[in-house]
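Listed in order, the protein sequences are those of chains A and B. Residues in the first sequence are numbered from 1 upward in steps of one, following UniProt numbering. Residues in the second sequence are numbered from 1 upward in steps of one, following UniProt numbering.
Treat the hints with care, as some may be off.
Not the full set, but computed from the structure, chain B residues with beta-carbon under 7 Å of chain A [to be verified]:
| no. | residue |
| --- | --- |
| 1 | N170 |
| 2 | V174 |
| 3 | D178 |
| 4 | F179 |
| 5 | T186 |
| 6 | T194 |
| 7 | S201 |
20 Å max Cα-Cα, derived SDA-like pairs, lysine to any residue [what the hints assert, rightly or not]:
| no. | chain 1 | residue 1 | chain 2 | residue 2 |
| --- | --- | --- | --- | --- |
| 8 | A | K361 | B | N356 |
| 9 | A | K116 | B | L163 |
| 10 | B | K171 | A | Q249 |
| 11 | A | K196 | A | D184 |
| 12 | A | K126 | B | K256 |
| 13 | B | K154 | A | K116 |
| 14 | B | K154 | A | D363 |
| 15 | B | K164 | A | G227 |
| 16 | B | K171 | A | L397 |
| 17 | B | K171 | A | E201 |
| 18 | B | K256 | A | I229 |
| 19 | B | K164 | A | G362 |
| 20 | B | K256 | A | G227 |
| 21 | B | K171 | A | G362 |
| 22 | B | K383 | B | P284 |
| 23 | B | K171 | A | K116 |
| 24 | A | K115 | B | D206 |
| 25 | B | K164 | A | G251 |
| 26 | A | K126 | B | K171 |
| 27 | A | K332 | B | L163 |
| 28 | A | K196 | A | S327 |
| 29 | A | K126 | B | S202 |
| 30 | A | K126 | B | E234 |
| 31 | A | K115 | B | K287 |
| 32 | B | K383 | B | N356 |
| 33 | B | K154 | A | R356 |
| 34 | B | K287 | B | D206 |
Across the chosen pairs, the derived CB separations fall in these ranges [unchecked claim]:
| no. | chain 1 | residue 1 | chain 2 | residue 2 | range |
| --- | --- | --- | --- | --- | --- |
| 35 | B | T157 | A | M355 | 33 to 39 Å |
| 36 | B | K369 | A | F119 | 39 to 45 Å |
| 37 | A | D228 | B | M263 | 24 to 30 Å |
Since the hints were made in silico from the structure, they are not lab data. None of these values were measured; they are calculated from a predicted model. Even glycine gets a Cβ: it sits at the ideal position worked out from N, Cα and C.
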Amino acid sequence: MAAPGWRHITRWRRGCWGTAVSETLWPVTGRSASSSAPFPGRVGGSSEPGNEVKPSTQILSKSHLGFSLIRPCSRLPSVAALQPLCCRSTHSDAKLEDPFTLAQKDLTTLYDDIKKELFISRTELKSLCDYYFDGRGKAIRPIIVVLMARALNIHSDRSGDLLPGQKAIAMITEMIHTASLVHDDVIDGSDARRGKRSLNEVWGEKKAILAGDFILSAASMALARIGDITVVKVLSQVIEDLVRGEFMQLGSKENENERFKHYLEKTFKKTASLIANSCKAVSILVSSDPEVHEIAYQYGKNVGIAFQLVDDVLDFTSGAQQLGKPSAADLKLGLATGPVLFACQQFPELHAMIMRRFSSKGDVDRAWQYVLKSDGVQQTSFLARRYCQEAIRQVSLLRPSPERDALIRLTELVLSRDK
Amino acid sequence: MFASACSKLLRRLTFPIRGQRTLSLFSSTGSSSWSKVVSDAEKIVGYPTSFMSLRCLLSDELSNVAMHIRKLVGTQHPLLNTARGFVYDSKNNLQMRGLIVLLLSKAAGPSHAADDALGQDMVSGIYPSQRNLAEIVELINTAFLVHRGVVNLKELTVSDGLLKDMEFGNKMAVLSGDFLLANACTGLAQLNNTEVVELISSAIGDVVQGIYYENYSSAEDGLIDGVDVASWKEHIFLTHGALLAKSCEAAMLLAKHDKQAQMLAYLYGKHLSLGHKLNSDLQPFVKGGMGQPVTFSLNAAPVVFHRQLVGKDRWHQQLQQATTLSNQLDYSKLLATVKSEKGVSSALDLCCFHSNKALEAIKAFPSSKARSALENIAFAVTKF
Numbered sequence: 001m002a003a004p005g006w007r008h009i010t011r012w013r014r015g016c017w018g019t020a021v022s023e024t025l026w027p028v029t030g031r032s033a034s035s036s037a038p039f040p041g042r043v044g045g046s047s048e049p050g051n052e053v054k055p056s057t058q059i060l061s062k063s064h065l066g067f068s069l070i071r072p073c074s075r076l077p078s079v080a081a082l083q084p085l086c087c088r089s090t091h092s093d094a095k096l097e098d099p100f101t102l103a104q105k106d107l108t109t110l111y112d113d114i115k116k117e118l119f120i121s122r123t124e125l126k127s128l129c130d131y132y133f134d135g136r137g138k139a140i141r142p143i144i145v146v147l148m149a150r151a152l153n154i155h156s157d158r159s160g161d162l163l164p165g166q167k168a169i170a171m172i173t174e175m176i177h178t179a180s181l182v183h184d185d186v187i188d189g190s191d192a193r194r195g196k197r198s199l200n201e202v203w204g205e206k207k208a209i210l211a212g213d214f215i216l217s218a219a220s221m222a223l224a225r226i227g228d229i230t231v232v233k234v235l236s237q238v239i240e241d242l243v244r245g246e247f248m249q250l251g252s253k254e255n256e257n258e259r260f261k262h263y264l265e266k267t268f269k270k271t272a273s274l275i276a277n278s279c280k281a282v283s284i285l286v287s288s289d290p291e292v293h294e295i296a297y298q299y300g301k302n303v304g305i306a307f308q309l310v311d312d313v314l315d316f317t318s319g320a321q322q323l324g325k326p327s328a329a330d331l332k333l334g335l336a337t338g339p340v341l342f343a344c345q346q347f348p349e350l351h352a353m354i355m356r357r358f359s360s361k362g363d364v365d366r367a368w369q370y371v372l373k374s375d376g377v378q379q380t381s382f383l384a385r386r387y388c389q390e391a392i393r394q395v396s397l398l399r400p401s402p403e404r405d406a407l408i409r410l411t412e413l414v415l416s417r418d419k
Numbered sequence: 001m002f003a004s005a006c007s008k009l010l011r012r013l014t015f016p017i018r019g020q021r022t023l024s025l026f027s028s029t030g031s032s033s034w035s036k037v038v039s040d041a042e043k044i045v046g047y048p049t050s051f052m053s054l055r056c057l058l059s060d061e062l063s064n065v066a067m068h069i070r071k072l073v074g075t076q077h078p079l080l081n082t083a084r085g086f087v088y089d090s091k092n093n094l095q096m097r098g099l100i101v102l103l104l105s106k107a108a109g110p111s112h113a114a115d116d117a118l119g120q121d122m123v124s125g126i127y128p129s130q131r132n133l134a135e136i137v138e139l140i141n142t143a144f145l146v147h148r149g150v151v152n153l154k155e156l157t158v159s160d161g162l163l164k165d166m167e168f169g170n171k172m173a174v175l176s177g178d179f180l181l182a183n184a185c186t187g188l189a190q191l192n193n194t195e196v197v198e199l200i201s202s203a204i205g206d207v208v209q210g211i212y213y214e215n216y217s218s219a220e221d222g223l224i225d226g227v228d229v230a231s232w233k234e235h236i237f238l239t240h241g242a243l244l245a246k247s248c249e250a251a252m253l254l255a256k257h258d259k260q261a262q263m264l265a266y267l268y269g270k271h272l273s274l275g276h277k278l279n280s281d282l283q284p285f286v287k288g289g290m291g292q293p294v295t296f297s298l299n300a301a302p303v304v305f306h307r308q309l310v311g312k313d314r315w316h317q318q319l320q321q322a323t324t325l326s327n328q329l330d331y332s333k334l335l336a337t338v339k340s341e342k343g344v345s346s347a348l349d350l351c352c353f354h355s356n357k358a359l360e361a362i363k364a365f366p367s368s369k370a371r372s373a374l375e376n377i378a379f380a381v382t383k384f
């Protein structure tokens, strides 16, 4: 029992950590450096965090090996093991919701501010644009952005409130995210979102697309009004990444390692880029130190990827009510996410199904069964944990503050969320 | 009761037009004088080829789309027509907005403030950032052409073919439109001017609102009555004027020309677009074109004026008279009705008004070849 597991994980380590993850992480790290054009000296420095990832990767995958073979289900020990990595966490477990409460004071007017940006006199278009800004979303992105902004401000010796531009970025982040959701729902033909009918379901596809475009233009105006061209560039990159990520979902790769790399890159573009670049944007406004920008960016990138990996796991493990959308939605859309890609290493039968995007009759059910039989879900969760550890390592480089510790704790919440 | 029957009829009539929708406001004018002034103007700005659009067209993403679009051949999805238009219409002023931005940039020339501050060399009398802007404007315009091709899946009928094809076409339309818009966003950021980013972003918002009003506000207020002339003007400015007006203004901003020049450029762009929109609306009403089956939008300028002039009741009556026994609208008959009244001449007057306003604005720029080209273009919108 242990032997195949061992072989499997070794193969996985060589196949995925060795090529896929490292290659995926490097270009991404490098790209962040190249996108921070005003700091050409950064190119050399940016390989640093990248190089640091590699050894820690190995250490951590070994530690995973240890407990996953002995106690496959207990994932808690590694959370405990995380604590020494970061600077002392002062929180007790009783205050689990801390990051959210801590962020709340900067987000009380979030949705009102967004609605002001979307102001158009009278028309129906207004109600379409406001539809998702009803306060029922998790607003996880703005939470991360304001916590990061405060942590960075303390790190940079700037006390007091958020800068107006930082507050605006928190809002813009949520707007860009929502605009992309609206278009995604049309692309995927989704009829439900956040526990209610999707925009396209209520008003039709034509109007939904226009609403998405309008939200994007309003976000872009608010972004320009911050008046910092570097910030504009950083967040415009996100918009391009979102589309490119969506394009990446159209294709599947024949080769398994390619496929994993493709998946992580897509995940970065579709989910992590927004968080990473928003964190970077708030750092640019308070600090001129490219290393600080990089910390912010890396935290956002790693949390972002972890967030999406957990999302992909939940697609298999969560019931329809909990996620607000039907489970196995990704399979039904023909998408092979982490759990399937891992399962494919144990069950090569999945390969053909992945290539035909689960389009034959019964594919979705069969793939689902294989995934549940495999340890694809655990492997993906573990990978998410790895990204969170890197996020923690990065943000721990900042001066201690309640907000920094909240960002550390937030990674646990990302991992443990069930919806 | 008549109103509801009629509105049902009209709603049915507006959708089939989808397939033959004109591609862009600048592509429908067939007049040779127009083509002449445009091709003359293109020579003035040096190379008219849009590099950014070229980069987009050659990207992996769009070649991917192009490959997928082939699957749509034989289906009814409008994206196919839009895509076809990129090929067939490319000669026909598809990149008109970009050209006008370039001409205005050249007509305004270098500014005293810009020479040191910009640190960029002019090529054929135009700053590189202004050329980039011209391309961005085209990207935005094309993005909306593509997004307008998204169809409402619930309204499909059997004649539209397979739902699966239409879903796929929608997917491609959303993605490629988004791709163009995203490239416009990054291109805008590279212009290094947040004022310009804000201005052009607001123009994107204007276009969205315009398209929304144009297509749906009439449905809200009851399609049968349409909108009055005042709100119609407001809507066509948003859809057809705002992007060009604000782009012209932005071209002045990029070269650090003063407020006065920015305003004049804005006015030129605004009035030229409106003049051109009226010109294309007027085409079926002034052209002899016997034998050809006519269709026109019931929101075309002459109809909007006509409706306002004759009043609601007579308009309803006329609509009913133009409706055949098989519940089809006889466009030739309706055309004759509209032509018998003052709607056409009112629209013509407005067209000349905008042409004059555009000429007035451009007169303030120093005399040059570029300025003459802009004058000729402004003249051409009144020719039929």
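Would the pair K171/B and Q249/A pass a check requiring their Cα atoms to be no farther apart than 20 Å?
holds, 12 Å
Using Cβ atoms only, decide whether S201/B comes closer than 7 Å to chain A, and label the hint accordingly.
The hint holds - S201/B has a Cβ within 7 Å of chain A, the shortest such distance being about 4 Å.
Verify the interface restraint on D178/B: the C-beta must sit less than 7 Å from at least one C-beta of chain A.
Constraint on D178/B satisfied, holds at 5 Å.
Measure nothing beyond the straight line between the CA atoms of K171/B and G362/A; if it is 20 Å or shorter, mark the hint as holding.
Not satisfied, since the Cα-Cα distance of roughly 24 Å exceeds 20 Å.
Is the Cα-Cα distance between K126/A and E234/B 20 Å or less?
holds, 17 Å
Can you confirm whether the C-alpha distance between K287/B and D206/B stays at or below 20 Å?
violated, 32 Å
Has the given pair, K164/B with G251/A, been kept, meaning a C-alpha gap of at most 20 Å?
Distance ~18 Å between K164/B and G251/A Cα, so the pair holds.
Hint consistency between K171/B and E201/A [alpha-carbon to alpha-carbon, up to 20 Å]:
holds, 15 Å
Please work out if K164/B and G227/A have their alpha carbons no farther apart than 20 Å.
violated, 45 Å
Take a quick look at whether K126/A and K256/B sit within 20 Å of each other, Cα to Cα.
Distance of about 35 Å is beyond 20 Å: violated.
Per the CB criterion, is T186/B less than 7 Å away from chain A?
Holds: closest Cβ of chain A sits about 5 Å from T186/B, inside 7 Å.
Would you settle whether the hint for N170/B is holds or violated, based on the nearest Cβ-Cβ distance to chain A being less than 7 Å?
holds, 6 Å
The structure shown violates the earlier hints numbered 8, 9, 12, 13, 14, 15, 16, 21, 23, 26, 31, 33 and 34.
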